[in-house]
Each structure stands twice: as C-alpha cells, then as structure tokens.
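Guided by the hints, dock chain B onto chain A, whose structure is given.
So the sequence lines, in the order shown, correspond to chains A and B. Quick note on the working numbering: the first sequence kicks off at 9 and runs consecutively. Quick note on the working numbering: the second sequence kicks off at 9 and runs consecutively.
Treat the hints with care, as some may be off.
The list treats identical chains as one, so a pair stands whether inside a single copy or across any two.
[Claimed, not checked] Derived pair list, reagent style DSBU-like, types lysine-lysine, alpha-carbon separation capped at 30 Å: (1) Lys18 x Lys264; (2) Lys264 x Lys285; (3) Lys77 x Lys285; (4) Lys141 x Lys278.
Bear in mind the hints are in silico, worked out from the structure with no lab data behind them. Quick caveat: nothing in here was measured; it's all calculated off a predicted structure.
Okay, here's what each chain looks like letter by letter:
2 protein chains.
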Amino acid sequence: MAKRFQGVPKLSDYAIKEEQLPPLKDGEFLCKAEYLSVDPYQRAYAGRMADGTPMIGSQVAEIIESKDKDFPVGKRVVGNFGWRTHTISKSGDSSEPYLMPDMAGLPNSASIGLLGMPGMTAYFGLLECCQPKAGETVVVNGAAGAVGSVVGQIAKIMGCRVIGYAGEDSKIEWLKNECGFDHVFNYKKCDLDKTLKEAAPNGVDCFFDNVGGMFAVTVYQHLNHFARICQCGVISSYNNTKPAMVPETLGIFVFKEVTLKGFYVSRTFKQWPEAIKEMGQWIKEGKLKFKETVVEGFDNMPQALNDLLDGKNTGKMIVKASVSKL
Amino acid sequence: MAKRFQGVPKLSDYAIKEEQLPPLKDGEFLCKAEYLSVDPYQRAYAGRMADGTPMIGSQVAEIIESKDKDFPVGKRVVGNFGWRTHTISKSGDSSEPYLMPDMAGLPNSASIGLLGMPGMTAYFGLLECCQPKAGETVVVNGAAGAVGSVVGQIAKIMGCRVIGYAGEDSKIEWLKNECGFDHVFNYKKCDLDKTLKEAAPNGVDCFFDNVGGMFAVTVYQHLNHFARICQCGVISSYNNTKPAMVPETLGIFVFKEVTLKGFYVSRTFKQWPEAIKEMGQWIKEGKLKFKETVVEGFDNMPQALNDLLDGKNTGKMIVKASVSKL
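Next comes chain A alone, as it looks inside the complex (with noise of 0.2 Å):
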C-alpha cells in the first residue's frame, strides 16, 4: 500500500515493489505463492497501516528452497505472508506458516477458503460466540461469502434455523438450494425488518454481523433474550472515510440480556487442525459445500479487494499467482 486509501481504493494506492531476497538461514524456506486470499478485513486493517506498509493477508505457497526438513520443498505451506509472491518464512515466526493440511478432496486453494481463516473463522466464531442450540434461529449477512456460507451450514449442520442475506440473485439461489439455508433474502431488494417479521416469527437467537451498521441496528429489534451476536465485521464501514450515524441500540443490550462478542480468528490459531479435521468430515460427508470466485494474476488483487468489497464474488475470493514472471 504505497498511499492509505481514502475511501475506496484507489489502483493508483497500490505500487509492487521488487526487492532482493538474501540467502536461506539455518530453519528458514523460501515459497512462491500459489493461491492468496482476498479478505474484506485487509481493507480495515489498511486504514491503520502507515503509507509503504506491505498488504496483509495469507496464502498457500509452494516451498521451493529450504533449510528445514520438517518443511521440505515441494510441499504446500499456509501462512500469513500478505500480498508477495516470494517469501523467506521460518516455524514459528509470526506469519504462523503451517503445512496445508489434507484438504479432504477441495483445491489446494481450499486451504486459505473453507478449510482456512474463512472456514476457521465461521466455525469458531459461530461455535464459541454465538453458542448455537438446535432449534434456535441463526441470522447471517455476507452469507454467499466465504464466512457467510460456511456460518450457515454449519448452523444447518447444528440444528439451527438458518436466515441469510445476499446482494444477488444467484448467490441466493446457491445458498438456498446447495447450501440448506432455511430463508436467503437479497437485502438489496427487500425490507430487511419485514423479511424478519416473516422468517423469524419467534425472533433471533443467534447472530452472525459481517456488515453492522443499519443492518445490524435492524436485526437487533428482532433480537430474543439472552441473544448472542458474533461481530464477526463491519464491511458496511471499511470504506467509510468518517463513522457512520445510527440509532442508539444499547437499550435492547440490556433488557434482552444481549451478548455481543468482537471476534477476530487468530486467537483460535492453536485450535485449528482439530477444526479442520472435523470440517474435512463435514465436506467428506457432503454437509459443506464450496464454492470459489478465483481471479488470475497477482498484479490482479487491488482489483480483487474492490470487487470483494463490491460483493462481485460468490464464496471464498481468491487470486491465483499464475502471471509468467512468477
């Protein structure tokens, strides 16, 4: 990021900077990335980064030079690398490199989607901070995204009610038909307070925010006692450039004994294989579906990002490294 966005970003914000690697260390590899995320939490990070710092974000590489035997070359590696097509990495820095797990037949690119931060992220923050019971009543909004999706099935997967919101057509069409949600509305076309009235008749148990804002101001009306809201977002603001204005909510906080946890996955770091290994068991068993929206090219990704927080995609966004001088 070469300029802090304003807004929006701009293509003209974003320079690739070509620096020289130095040799391999004792412990270290090198990597060249094959598949690199594009998360909407890229952009609010990059509002409290200083101009010239890299992108964030994780990928999965190939290992092609090493000085590590427990991560020998031609293996796969997942980490926090951001926006470079070559990396120095070692065990245990703070990019957190972990060898791709077994992906249960998805892409390699599966590993940074659904059975990766995104995966990880809907399943830890619908599991820990909203606490699902069988029968309770589940909203999620971003829900044809990578989290969205799989916060959804793995609510279905729970017993719950599943109520999503999508910007379009298609993606409804997929969440409702693959993917088992109960009610999937497009939010741009309807009145989201009367699509509640309809669909949770008894009101929301449990909620999923990607988006915040009036969305979420909106949801909270319908919100039963003792609710539980995992603020997993807030995509509706990242490109704000001043805070939006919104009702007052904290009222409905207190007299329906609502919870509300911020929730960011790299605190559950040290819990993902068994994660993984039981959402490999779900996509085994055909209760996860996958989808990905994949764009060629890595000078492709400011492009990505914008689209991604235009709501272009459907599932996980993710960039394929694939222009020749890599």
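Then chain B, alone, in the frame of chain A:
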C-alpha cells in the same frame, strides 16, 4: 402509572389507586412498606408498560399479618412488590419475596440498596460480565449511584485501578476520599476523552456502563484488546422520545475483540444469599462504604424518580413510606 410517560415523567402521569385487599389465604402474608426503592430501570420499563399498570420496584416491608410460619408477623421481607404501601404475597410468587438477611450493622433500608438489588447488580454485573483482574483498569459512570459506587469499591477490592465519573463535586469528594476510587471526574465539567488519556494511559480493560450514548462511544476509543463491558443501564436514553444518533463503533468491537454483555440482575437471584454474605463481610471489614439519599413519604416517589434520573441522589435513592395514613 396512569398514563404512559412521554419524555420526562410528569407528576400528572401518575395516580394513587386505593384497593380493598381480600382476606389472606393459607400460605400468604400481608406486609406494609417500610422503604421503597427508586431505580433508573423503572423509568425504562415504564416505557413498555400499558396505561394503568402499577409501577414496578422492590421494597422492604414489615409483615403485619401472616398465614405462613416462615414469614412471621414482625419480620421484614424484601420483594418486588412495586409501588405499593400494602401487599399480599406468598413464598415463591413472582415478586420473589425473601426475609431480610443479616444487615451487617446497616439500616433496614440497605436491604434494597447495598445489600439488595443495586448491590447485587454491582456485584454480579462487575464480576460476571467484566471479570476484572488485579492490576486492570475499570471505568464506571453513574459512579456515585447505588450501583456505580459499589462497582468501583468492589473493583478496588479486586485490586483494580478505578476511574469513576459523576456529576457533582460533592459526589466526587465522597468517591475519592471515602470509597477509594483512584480517579474521579465531574463529567459535566471535563473533556471525557482527555481524562481517559490522563487517567487510563494504558487503556481500559473493564467498562461498567450505566449511561450509554456519547459517553460510551468515547470510552470505546480507549478500550484495550479483549476489554469487557457490562451494559447495566442506558440512563442517558430513558427519557428520550426517539433514539439518540451515535457514531457506529462496531469496528472497535471487532479489532479489539471486545465483549459487551447486557445485564439484568434478576437472572442471578438464586445466588444472592451467598453474595449478600460476602458483601456483608466486606462491610464489616470497612471495605464497602454506604450512602443513601432518603426521601420521606410514599407520595413523593414520582418526584424521587425524576430526581434520580436528574442525578440528585448520592448513593442509593430511597423512599421512606412514612406518611401517617399508611
């Protein structure tokens, strides 16, 4: 409440209604109010009640007739009897009556203050929702009230640094000199943001919020990672005729992984005896100071509630049901 309040309750919105009580049935007892509680939540609740609904609230009352040997004549009973001078009640009914516990040397009125609902709100709200740890920084507003003053003192007992906000210099002196708060500010005279920078240079870990509105929004800017908020009340909003507009702050909740819990003390009712015992011990050890603002006369409850919402009390606001006709 004869007529539902619009904004600040008017005395003409109330009516005193006399009714003939039926003879006692087996298991019932008749009690006569000694002290009645005036609390901010009563205003909030009234906003949802129909015209003609009796005002809710707790009181300590003398049993003057009884057909239950566990509630004998002459004993004091604490219950959610509402704004009534005389009440027929029975063990286990919805008013949840219980015999006044050992008062640790305090007057009977403290059974609906420090050792009653407000004290329990402070105890469980702070300990369960905020989970303060020694060395952490706790912020409480409405700090000179029946709840806030106890929150700060329990936080001190837990080894925390305590920053309080109140609206009168005499309250501030009391909190600093007697209750042991580390910092106390007059929110009407200070720049809240500046005082937090000064008094909480390392950020805020626990926020016990009785106020909401822009006060809360400002404190959010100073929260530490994994901060916990007990949303106990929203006194800034109770007399609003429409919701206040505030900047959206959900982004802070995500990136700081903040937990906010709406809290209403009745859920902890079964744990009160143990907590009253522990608080009684702290009182005997001189660790918990007690103050109340006593208003004479049942007829003055409406004015007492308005005065409470105006912050005219220090410590617990209480009405002595002492007019001769009672």
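Verification of the supplied hints:
1. Lys18 x Lys264: For Lys18 and Lys264, the Cα distance is within 30 Å only across copies (27 Å; inside one copy 42 Å).
2. Lys264 x Lys285: For Lys264 and Lys285, the Cα distance is within 30 Å only across copies (29 Å; inside one copy 36 Å).
3. Lys77 x Lys285: within (24 Å within a copy, 61 Å between copies)
4. Lys141 x Lys278: both (25 Å within a copy, 24 Å between copies)
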